[in-house]
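Protein chains in written order, with full-length UniProt numbering: chain A, 1 to 557; chain B, 1 to 214; chain C, 1 to 99.
Quick caveat, the hints were computed from the structure, so don't treat them as lab data.
Each residue gets a CB set at the ideal place from its N, CA and C atoms; glycine is no exception.
Accuracy of the hints is not assured; some may be wrong.
Reference listing, derived: stretches of chain A covered by chain B, where coverage requires no fewer than 3 residues with Cβ under 8 Å from a Cβ of chain B [claimed, not checked]:
#: 1; stretch: 112 to 122
#: 2; stretch: 128 to 134
#: 3; stretch: 185 to 192
#: 4; stretch: 372 to 379
#: 5; stretch: 389 to 400
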Amino acid sequence: MTDSLLAGELPLPPRPDYLRHGSTVWSWLSTTDHKRIAILYAVTITIFFFLGGAAITAVRLELFQPNGWLMTSDSYNKLFSFHGIIMVWFFLVPSIPNTLGNFLLPLMIGAPDVAFPRLNLFSWYLTIAAGAFTVYALVAGGVDTGWTFYTPYSSMFSNTHVFAAAAGVFVVGFASIATGVNFIATTHMLRAPGMTWFRLPLFVWAIYATSLIMVLATPVLAISLLLVIAERVFGLPIFDPARGGDPILFQHLFWFYSHPAVYIMVLPAMGVVSEIIPCFARRRIFGYDFMVYAMLAIAGIGFFVWGHHMFVSGQSPLASLVFSFLSFIIAVPSAIKVFNWTASLYRGQISFESPMLYALGFVGLFTTGGLSGLFLASIPVDVHVTDTYFVVAHFHYIMVGGSVSAFFAGMHFWWPKVTGRRYPESWAKFAAILMYAGFNMTFLPQFFAGYLGMPRRYHTYPAEFQIYNVMSSAGAAVLAIAYLLPLFYLTWSLFYGGKAGRNPFGATGLEWTTSSPPPPKNFDWQPRIDRAPYDYHAEGMSAGTDPPEMQNAKETQ
Amino acid sequence: MSDETAMLREPWVDFSRQREAGKFGIWVFLASETLFFGALMLTYSVCRIEHPAAFAAAGRETNIWYGTINTAVLLTSSLTIAVAAQGAESYARLRRLVIACLVVTALLGLAFIVIKGFEYKEDMDKHLVPGAGFALPERAAQLFFGFYWLVTSVHAIHLSIGIALVGRLVWVLLRRELPVTENPEIEVTALYWHLVDIVWIFLYPLIYLPGRSS
Amino acid sequence: MSEPDKSGLTVRRLWTRNLVIWAALMALLLLSLVSAYIPMGRITTASGIVIAIAKSMLVVLLFMELASARPLIRLAAMAGLVFLAAMFALTLSDILARL
C-alpha cells in the first residue's frame, strides 16, 4: 500500500476534483467551497490590479516630461487617487488573504472548509459590489483627495465624488471584517487532530495575525470615512475648524486603521515566503517559535505606531516622541524575520525555481523598504522627507516589492495545487527576474528624487528632477511587462500545461498530501499530525517527494 | 438528537463544536464593534475635552426624559432576550417562554425606535440640527449635535438590524423550521442585542447627562 | 411539557436570576440620573461614566454570561477593549498635550 502511494497512485475510487464538481456559472456564483471562492477572489483582484496599474501607467507617462504635457492637473489628481484607492483596498488588502489564504488555510490545518462558508461567499459579493461601485464612481466622477481622504480638504473643499468613493471603501471594510472573523474562527475551531498551535505552518500564523488586524482596525476606518461622509452630506462639523472641529482627529482615526493595514498587506506576504524558502533550501525554517512571536508582535505593535504619519500635521511634540520611539521598536520583529529567512538558507540545498526567485526578491526588497522606514520613524529626517518621493519609494518597496512579489511567489508555488497544471518554468524565471529589475529601476530613483526634495502628488516638477522621473517611468514599463507575462503563460498553462502531481516541489505541509486539484472536501481521509512543520530531509539525504504527513496520515487511517 | 442534525451545518461534524464556533465568531465580531463605537466615542471625547463649556450647554438641550425612558426600555429588552437565550439553553423545553420573550424583545426594540422618533421630531423643532439656523450660540455646540445625530442614527441602524434578526428568529421558530432547545442562533442574536444595549448604556451619560448640574 | 414541575422550577429560577440583575441595572440608571444633577465638577462627569461601566459589566458578565464563558471567549472580548484603550491613550497623548 505504501508503495502504491509513493508511486502517486491513490487507492481510492475516482471522484471529481473541486474544479469539475459542477461546472455551471451558477455553481460558481453560489459556491460555498473555500477553494472556489478563492478563485473568484483571484479573478476579481486581478481585474482591480490591472485597473489600478492602468491608472498609474498614465501617471508615469505624464511624468516623463516636467511640464505636464499629457493631461490637466485635475485628471492627474484623479488618476493617482484612483491608483491608490483601488490598489490599497481592492487589491492589496484582499490579495493574499482572500486568494491564497482562502484556498490554503483550511487545507493547511486539515479542515474541509472555513468555519462559516456562507459568510465567506457573502464577503466576496460585498467586495465586488463595493469594487464595482467605487470603480464607477472613480471613473465617472473621479476623486482628487488621494487614497488618504485627508480632512478638511476631503470634507470641505474637494468638489469631486468623495462621498461615493468613501462609501465604496466603507462597504469593502465589512467584507474585510467578515473575512477576518471567519479566518480567526477557522484557525481556532477547525484544526485537524494533532495540529497544535506550534505545529501550524507559518502561513497560517500569518493569516491569523492578519485577521486580527482586519477585525480590530477596519471598524475605525469605517468611522473615519463615515465622519467624512457625514460632514459632506449632512454638514456635521466634526472636522471643520471654523466650527470647533479638529481636522487632525481624522488623521488619528484614519491612521489607526491605515498603519496596521500596512501589516494586513505585508504579514501574509511574510507567511508565503516562510513557506517557500524552507522548501527550496530543503531546510527546516530557522527559529520557528521566534517567527511566530515576531508575527504576533508585528500585528500587536503595529497598532501603536500610527502617529509617525503625522509628525508634521500639528500633532503635539510629546505624541510625536512616543510614536517615534514605538516605530523604532517595530523594526525589531521585522528584523528577526529577515535574519531567520537568511539563516534558513544557510547550508541549504538551494534550488532557484521561480517561486524561490520571487521569494528571495521579496526578502531583498522588503529589507530595503524596511530600512528606509527607519529614516521615516526618526522625526528630524521625516520632517525633511515628508510628502516627497522618498515616502513613495519607501512604501512601494514594502507593498509592491514586498507584498506583490510575495503574491506572485505564492501564485507560482501553489499554482500546480490550485489548478493541477504545470506552468513553463523558464518563462516564470524570466518574469521573476524581470520583475525584480523593473521594480528597482522604477523605485530606486524615487528615493533620490525624494531626498533631493521632489514632492509627491504634483503633476509638474522642476526640470532638474527629470532624469529620475525618466528612469522611473522606463522602469515602470519594464515592470508592466513583467506583470503581464504571468497573465499569459499562467493562462496558457491552464489549457496546455502538463499535469501536476500531488507534490511537485517536494514540500511539506498538509496541502501537498491531497490530490492536485484537491477534491471538494479537501481530503479523502481525516489528516492527523504528529510533528512540527518544515520537516525537510536532513542534509545529505535525497529530497523525497512524499511529505511525512502523508505517510503518517495513511498509517493512522 | 434529531434536533441537532437539523441544525448541523457544513463543514461541521460535531454540533457542539459548531455552536462553540458560532459563539466565538460573534464575540470576535463584537470586539470589532467595540472599536467601531469606540472610535465614535473617542471622537466625542476629543471634542468634549477641547470644548467643555459648549458640550455642557448643548447637553442641557437634550430631553432627559426621552433618554432615560429609552435606556430603561433597552435594559428591559436585554432582560427578556437574556431569559430567552438562557431558556433555550436549558433542556426543560421552554419553547413558549422563549418565543414569548423574543416577541417582547422585538416589541421593546420597536418602542425604542418610536420614542426616538418623537425625540428627533422635538430636536428638529428646537432647531438642534447643525448648520444654518442652529439654535445655540456656542460654536462647538454644533459639534455636540453633530455627534448626537450621527451616533444615535448609527445606533438605531444597529438596533433595527437586531429587531430584524429577532423577528426572523420568531418566524423560524414559530414555523418549527428549527428547534428551540440549544438553537445556536438564539444565543448569537442575543449576544448582538446585548452589545447594542451596551452601546446605549454608554451613550446615555455622554448625550443626556452633561451640563445638568450647572 | 412532559415534566411540568421541573420546567416550572427552571422557569422560576430563570426569572429570579435575571430580574435581580435587571433591578440592579434600573437602580444604577436612577443613580446616574440623580448624580448628574449634583454639582461635583469633574466627578459628576466621571460618575456617569463609572456607572455606565458598572452597568455594562453587569450585562457583559451576567446577561452575556462572560463570567462563566470559556477562556477563549473571554480573550476575544478582552481583545477589543485592549486595542480600544490603546487608541484612546495614544490619541489623547496628542490632544491633551496640545491644549
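Right, here's what the structure says about each hint:
For a cut-off of 8 Å, the count of residues in the stretch 112 to 122 of chain A with a CB near a CB of chain B stands at 6, and the three-residue condition holds. Chain B is given as covering the stretch 128 to 134 of chain A, and this is violated because 0 residues of the stretch bring a CB closer than 8 Å to a CB of that chain, at least three being needed. Here's how the stretch 185 to 192 of chain A fares: 4 of its residues keep a CB closer than 8 Å to some CB of chain B, so the rule of at least three is met and the hint holds. Using a Cβ-Cβ cut-off of 8 Å, 0 residues of the stretch 372 to 379 of chain A lie near chain B, which falls short of the minimum of three, so the contact claim is violated.
By the rule of at least three residues with a Cβ nearer than 8 Å to a Cβ of chain B, the coverage given for the stretch 389 to 400 of chain A is violated, with 0 such residues.
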